[in-house]
Amino acid sequence: MSDVLARLKQLNSGFSPLNGLDSAARRHIAFGVETIDRRLDGGLLAGRLHEVLPARSADAARASAFAGALAHRAGRQERQVVWIRQTVSELEAGGLYAPGLAELGFDPAGLTVIRARNHRTLLLAALEAIRCTPLGAVVIEAWGNSRPLDLTATRRLTFAAEKSGVTPILLWIAAKPTASAAITRWQVRSAPSRPLAANAPGLPVFDLTLLRNRAGASGQRWRVEWDHEHFRFRPAAPLSGGVAALPAGRPAETSRQPVARTG
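So for the sequence shown, the numbering used here puts the first residue at 46; every next one is plus one.
There may be inaccurate statements among the hints.
What follows is a set of in silico ranges between Cβ atoms, one per label pair, in the way DEER data are often shown [to be verified]:
1) G145 x S102: 15 to 25 Å
2) G261 x K221: 17 to 27 Å
3) L196 x A154: 34 to 44 Å
4) R72 x A282: 28 to 38 Å
5) D86 x E137: 31 to 41 Å
None of these hints come from the bench; they were simulated from the model. Just so you know, even glycine gets a beta-carbon here, dropped at the ideal spot from N, CA and C.
Produce the complete structure using the sequences and hints provided.
Set out below in structure tokens:
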């Protein structure tokens, strides 16, 4: 644990202060999709805790990509991002996919990945990272439920974020939703994409459900894709073959299917 905290403190001391960045400019993190940003009064509140979880175990990679995309949006204007993962995530799912991170817009020099041994270490490392005010966002990737990451812990994360202005994104993998102080909670499901020219793989598509929104209504669903040229979300391109598109902003029932650990 001491080596993790030492590395974070070293990162904090090594970051250069940002010049001329008005705090009001990062009050909201816009998606780039009008219906979502309007629902959230401009986008996700910066400096607040947000949660992301997959609808099923098969959607874990897409949920990770969504969390990464949000972190990239929060980390713009030269702000860096820290991604803290539990060691079990590396063992079960492998390391973060470098080409995928590049498509999200991450410069290797602007992303720091730290591994935590367990939930307690993950929490302590997250709190230390959130205190690094030059950061834009901290992705906290937790594997499975555990008492160290209970309601009280999320309140601590929220308080630290409000004080520093850094945006923490708590990514739950192989876990069930529990009581939390997060201001929003997003459920992510994989969706088919439209192939690009020469039958190249299409842009990543996300079926999003806003399960919780402490600042307003929840239950809406959107289908969006990630624009890797402009590093923003946009409404997903329609598929050919008569596949019905998901109506933007449509309320939906929350999936009750738990995310189960595989293997």
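Quiz item: For this structure, which hints from the list above don't hold up?
Solution: none
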